[in-house]
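K.L.:
Here are the chains, one letter per residue:
2 protein chains.
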Amino acid sequence: MYEQLAKSIGDKVTLTEADFEVCKTFFIPKKIRKKQTLLLEGDVCTYNAFIEKGILRSYTTDEKGQEHIMQFAFEGWWITDLSSFLMGVHSTFTIEAIEDSELLLLTATAREELMDALPVFERYQRLLLQNAYIALQTRVNSALTATAEEKYTKLTISYPDIIARVPQHMIASYLGLTPETLSRVRKQINLRK
Amino acid sequence: MYEQLAKSIGDKVTLTEADFEVCKTFFIPKKIRKKQTLLLEGDVCTYNAFIEKGILRSYTTDEKGQEHIMQFAFEGWWITDLSSFLMGVHSTFTIEAIEDSELLLLTATAREELMDALPVFERYQRLLLQNAYIALQTRVNSALTATAEEKYTKLTISYPDIIARVPQHMIASYLGLTPETLSRVRKQINLRK
Numbered sequence: 001m002y003e004q005l006a007k008s009i010g011d012k013v014t015l016t017e018a019d020f021e022v023c024k025t026f027f028i029p030k031k032i033r034k035k036q037t038l039l040l041e042g043d044v045c046t047y048n049a050f051i052e053k054g055i056l057r058s059y060t061t062d063e064k065g066q067e068h069i070m071q072f073a074f075e076g077w078w079i080t081d082l083s084s085f086l087m088g089v090h091s092t093f094t095i096e097a098i099e100d101s102e103l104l105l106l107t108a109t110a111r112e113e114l115m116d117a118l119p120v121f122e123r124y125q126r127l128l129l130q131n132a133y134i135a136l137q138t139r140v141n142s143a144l145t146a147t148a149e150e151k152y153t154k155l156t157i158s159y160p161d162i163i164a165r166v167p168q169h170m171i172a173s174y175l176g177l178t179p180e181t182l183s184r185v186r187k188q189i190n191l192r193k
Numbered sequence: 001m002y003e004q005l006a007k008s009i010g011d012k013v014t015l016t017e018a019d020f021e022v023c024k025t026f027f028i029p030k031k032i033r034k035k036q037t038l039l040l041e042g043d044v045c046t047y048n049a050f051i052e053k054g055i056l057r058s059y060t061t062d063e064k065g066q067e068h069i070m071q072f073a074f075e076g077w078w079i080t081d082l083s084s085f086l087m088g089v090h091s092t093f094t095i096e097a098i099e100d101s102e103l104l105l106l107t108a109t110a111r112e113e114l115m116d117a118l119p120v121f122e123r124y125q126r127l128l129l130q131n132a133y134i135a136l137q138t139r140v141n142s143a144l145t146a147t148a149e150e151k152y153t154k155l156t157i158s159y160p161d162i163i164a165r166v167p168q169h170m171i172a173s174y175l176g177l178t179p180e181t182l183s184r185v186r187k188q189i190n191l192r193k
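If you're matching them up, the sequences are chains V and H in order.
At position 186 of the first sequence (counting the first as 1) the number is 186 in full-length UniProt numbering, and the numbers step up by one without a gap.
At position 66 of the second sequence (counting the first as 1) the number is 66 in full-length UniProt numbering, and the numbers step up by one without a gap.
Rather than coming from a laboratory, the hints here were simulated on the basis of the structure.
The reader is advised that the hints may include incorrect statements.
Since copy identity is lost for identical chains, a pair holds within one copy or between any two.
What the hints assert, rightly or not - In silico EDC-like links for lysine to aspartate or glutamate, alpha-carbon gap of 20 Å or less:
(1) K24 with E3
(2) K64 with E149
(3) K35 with E75
(4) K12 with D100
(5) K64 with E150
(6) K7 with E96
(7) K64 with E112
(8) K151 with E67
(9) K30 with E96
(10) K35 with E112
(11) K30 with E75
(12) K53 with E75
(13) K154 with D62
(14) K151 with E17
(15) K30 with E63
(16) K151 with E113
So that you can see chain V by itself, here it is in the shape it has in the complex:
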């Protein structure tokens, strides 16, 4: 159950086996089924979730009832509504499983205690935040400057897992395109192959 977490931490910092055993005690394992929600928009987000197995997505719903996907998260990734998790405000996102998933949950208090107990975990968190910020900035930049085709092509290169495992209408929502536009773009790309 903790293989992906060990790998994620080990990729970024050096943690002894004994320290990792300490680290594990701060997490709450949880299984959720496809389409189950971990967080409902408007609730306070209690957990930062690490994904051992499966896929989750976070999304917000606009006034017209249309869903807009903020993030997908796979094995080895973290997902949360960060502002709600850290500041205790109402969440902007719903977090839901796209496949049956196995999670390791960390409360905000456990996270603080873990960073105090193992300073190397604070470094790991800082490095995660750096990567998350860079990924999000790349996404904003792409949303501002790229055409529909460029957006989709970049996604296929950067995150082939999303293309392979996530339904088309969710990919369209993530890219800020209508399903029809995405379908047209995919046909154009296939014609050129």
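Once you have looked at the hints, place chain H on chain V.
P.N.:
Positioned in the frame of chain V, the structure of chain H alone reads:
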């Protein structure tokens, strides 16, 4: 010259005066004039810049030569091209002064050394990254779901400094609107007052 930095760090963590004196030695003070660039798109970003005085912006230019603004940064804020700064890749953004500005520059090496010398500085960096990530996520969410008027209204509430000190055409670029749309939105809001 270091007042804003002392305030920014002191707002987030506890640092003794002696430690702050050590901290200061890692920074390079620099003044730049309005319209001068700190970083040119395509170059490697050598500095993370803390702003003691002034305003800077980061922007990217698309194939049609149109500028898209990623970020504004005021007194007490940091600005950099994070992926270029941390990974040494070519930058996606140009960083330029909107007003005559006074900066404190930190190289990637100095930043690492400073975090090793003062672990509390690593905590400060982590907290900065958390806030930056939340701000960027709010921006993505707003770009996906908000109307032009909602985007502008949110900006006036969250960042009145941007409205007061930044030219209109740059605000339009930041919001992903044409200057004409922004002008129309502002008229509609004023009519209702």
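K.L.:
Could you run down the list of hints and mark each one as holding or not?
P.N.:
Hint-by-hint comparison with the structure:
1. K24 with E3: within (11 Å within a copy, 41 Å between copies)
2. K64 with E149: Between copies only: 16 Å across, 26 Å inside.
3. K35 with E75: within (17 Å within a copy, 45 Å between copies)
4. K12 with D100: neither (27 Å within a copy, 39 Å between copies)
5. K64 with E150: So K64 and E150 pass the 20 Å test across copies only (15 Å; inside, 28 Å).
6. K7 with E96: neither (24 Å within a copy, 40 Å between copies)
7. K64 with E112: neither (38 Å within a copy, 47 Å between copies)
8. K151 with E67: For K151 and E67, the Cα distance is within 20 Å both inside one copy (19 Å) and across copies (18 Å).
9. K30 with E96: within (13 Å within a copy, 47 Å between copies)
10. K35 with E112: Close neither inside one copy (30 Å) nor across copies (42 Å); limit 20 Å.
11. K30 with E75: within (14 Å within a copy, 44 Å between copies)
12. K53 with E75: Cα proximity of K53 and E75: one copy only (5 Å, versus 44 Å across).
13. K154 with D62: between (26 Å within a copy, 16 Å between copies)
14. K151 with E17: Neither, since 41 Å and 49 Å both go past 20 Å.
15. K30 with E63: neither (32 Å within a copy, 47 Å between copies)
16. K151 with E113: For K151 and E113, the Cα distance exceeds 20 Å both inside one copy (40 Å) and across copies (38 Å).
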